[in-house]
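Go ahead and model the full structure; you've got the sequences and the hints to work with.
Number of protein chains: 2
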Amino acid sequence: MTQPRVVVVGGGFGGLEVARRLAGAPCELVLIDKRNFHLFQPLLYQVAGAALAPGDISEPIRGLLAGQANAQVMLGEVTAVDLARRALHIEGVGDRRSLTYDHLVLAAGLRSSWFGHDAQWAPFAPGLKDLDDALEIRRRVLLAFEEAEWTDDPRVRQALLTFVVVGGGPTGVELAGALNEIACKSLPKDFHRIDTRTARVLLVEAGPDLLPPYDARLRASARAQLAALGVQVRTGTKVVAIDGDGVDLLTDSGTERVASRTVLWAAGLRAVSLVDSLDVPKDRVGRVEVLPDLSVPGHPEVFVIGDLALARQPTGGVVPGVAQGAVQGGRHVARILIKALRAPDGSTETEGSRPAFVYKDKGSMATIGRSMAVAEIGRARLSGRVAWSLWLTIHLFFLIGFRNRVVVLMQWAWSYLTWERNSRLIRGRERRRDPGAAP
Amino acid sequence: MTQPRVVVVGGGFGGLEVARRLAGAPCELVLIDKRNFHLFQPLLYQVAGAALAPGDISEPIRGLLAGQANAQVMLGEVTAVDLARRALHIEGVGDRRSLTYDHLVLAAGLRSSWFGHDAQWAPFAPGLKDLDDALEIRRRVLLAFEEAEWTDDPRVRQALLTFVVVGGGPTGVELAGALNEIACKSLPKDFHRIDTRTARVLLVEAGPDLLPPYDARLRASARAQLAALGVQVRTGTKVVAIDGDGVDLLTDSGTERVASRTVLWAAGLRAVSLVDSLDVPKDRVGRVEVLPDLSVPGHPEVFVIGDLALARQPTGGVVPGVAQGAVQGGRHVARILIKALRAPDGSTETEGSRPAFVYKDKGSMATIGRSMAVAEIGRARLSGRVAWSLWLTIHLFFLIGFRNRVVVLMQWAWSYLTWERNSRLIRGRERRRDPGAAP
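In order, the protein sequences belong to chains A and B.
If you read the first sequence in the numbering used here, its first letter stands for residue 10, the second for the next number, and so on.
If you read the second sequence in the numbering used here, its first letter stands for residue 10, the second for the next number, and so on.
Wrong hints could be hidden among the right ones.
These stretches of chain A come out as covered by chain B in the derived footprint (C-beta under 8 Å, 3 or more residues) [to be verified]:
(1) 43-57
(2) 244-252
(3) 413-427
The calculated EDC-like cross-link candidates involving lysine to aspartate or glutamate, where the alpha carbons are at most 20 Å apart (straight line), are [claimed, not checked]:
(4) B:43 <-> A:145
(5) B:291 <-> B:302
(6) A:198 <-> B:37
What the hints contain is simulated information worked out from the structure, not anything from laboratory work.
Everything numeric in this text was worked out from a predicted model, so none of it was measured.
For each residue, glycine too, the CB sits at the ideal point set by N, CA and C.
Shown next as structure tokens:
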């Protein structure tokens, strides 16, 4: 008799948690990801900022599941889900295929979204969701300094040395801090014609404050720490246009043009495209509104976890789109699946008889620069050096793979001593073509 | 009074040596490279083989010259040299420009060449000359295993698990050894549907033997070591066609078709395109025939070093295109330049009065796999574990940058203990399209 097939889509924090917890369970487990590696996303901005190398925060999924006899890994992109036939459509390596499932866990995450201006803005303001994004940002930032070094036009040089980060959440705050550190600490000695410390970093947020979910005191602290670094924070400011020469900002007092050759996008997110094929309740960014057990209404055999799910909590609010939310959701779903797989008749419980998922907030933190961070853990509100040390320790501890931990620790120790950024390689064959530059 | 300008084209072993030796010399030094990093080319095949990460063998040029007050670094590609006007045409970041020089050192190296079939063969058989090449090879090799895992067609699977390396020089031998190690040692546990150890690695060489410049006993030893690993060596075999499905081989006994989805090119090289603009004597692959002092005939202010130069030796033979040849040539030219720059009248000596460059052979070595290598040092002929240990030590010692040495040592130690390849990331947005596959 063949075993039931559990298909997990996405090898991020949530999907990997499900796959690992199902080791030894009586099922055929298939984990599908369009990448062959798990990405430690909380440190992605450090790759964008040339502090860590891609391999430091990635671990091949096959290696992570190599010892798990019931697990298969498939490299491919799930383009659609057929809930009625219990089948997935997959763009695999080399071919298209479909794959049936008995149980399905969707953990494919979100992607960048430019508020309805994807086609116009994305080319000029890359997001930061995967490794290729991070390397593209790194390339643009480093090339901007290279070009500034050699141009003879002071206006062009100023635009090249102006960096705009759109979005004041943790990613935007971390990117702005990293850009500032690159310009003021890592690069000055490398350039002999320009003073890289004159670079201007602008952090633009439409809402009234940075890091909205944090405590008010921490929000103020983050702002003060950024200001101390020299980052210009503009809250209550909307970006209304982005092109190759800069951005148009809109505030209560009017519009302003900022000339910039490097704009980074940390503002909008949207569900991956596979959910377009799902005829289930979704919110405005495409997250699936799941039942309390994290299953899809009417389909107890399908679960959605991680930031692709809109999971309301019994206490009010929703599960935040952070690593902990995905890991805990994965653990919850794995428990339900193990019970179902071990049931004598192989039957699936109805969602009503299953336990509801309760998210346990273990705290959140964002780093701003060397010795600067903010953190909320339980009732504790930390900022500055204490928060930063905690940030380092926790991220290192949770980094997947022993070797990565050692290498990242070494990289950080080296950077701490020297301010050097070890991954300042400009790669990629194509050269940036500035549509705004004269032909 | 402005100082004379020395322009060095290329930040490889030769160019970097010239630049560093001119620290403190009374000149304005400009080093131009189309990449922003120096590449430790002897270990490039380890990036292609997923054993090292790109950053492990690269070091930003700006960082290497940061402390040198008279040095400028320029990111750009030199497209032509105007010897009469003493000017370079440069495709820089963001613009085109020209730059005049008083002294010029060309150290831009060679690129891959497919024996007049560049347009047809290059897409199917990537060469290994820069970091992008290495990552493309890594991507193709890892994707071939991924595709083999999921195909249901045994013929396709066999073609996917057949790897052809064209060219039996050091690069070809090293690539073949690395491919074999990946298939037999690193990947078996990762794949559950295929046995990666059944992969076939073919090393094809048109000449009668591998590693032609080496001693006959070492050539035989290299062949025996490869055979022991399971690599199929085909000497006296010409590649007459390459497409998306495989290669056509021609031997004395006729032609043979080998179905393979992954063909790697380590056979032909040609001068970089900037020499097309030079009206000076060149050999058939475009290397510049330099005078004994390494200057260009009729232009005592222009030198060519490294593998872009065809430098005949007083003892007969030419300087080999290896790192040592470039470094020693760079040192020689730097000495001539320092003397000229310090001459009271600023005059350039004629090439006749300058010392001739004499290459001192410090030995050569090629590695084949774990504990397998061949080496010639002076009169010593080493093979097996002794040669391999020596290879490790010397490469680690000469790797530029202290941090890199430590990281690479760690990577190697880790791989030695676990057989794991730490850089098995498949990156890049575009997916491989096999023109030979059914639509």
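Evaluation of the provided hints:
1. 43-57: holds (count 3)
2. 244-252: Not satisfied, violated; 0 residues make the cut.
3. 413-427: holds (count 4)
4. B:43 <-> A:145: holds, 17 Å
5. B:291 <-> B:302: holds, 16 Å
6. A:198 <-> B:37: Given pair residue 198 of chain A, residue 37 of chain B holds - Cα atoms ~17 Å apart, limit 20 Å.
Comparing the model with each numbered hint stated earlier shows that hint 2 is the single one that does not hold.
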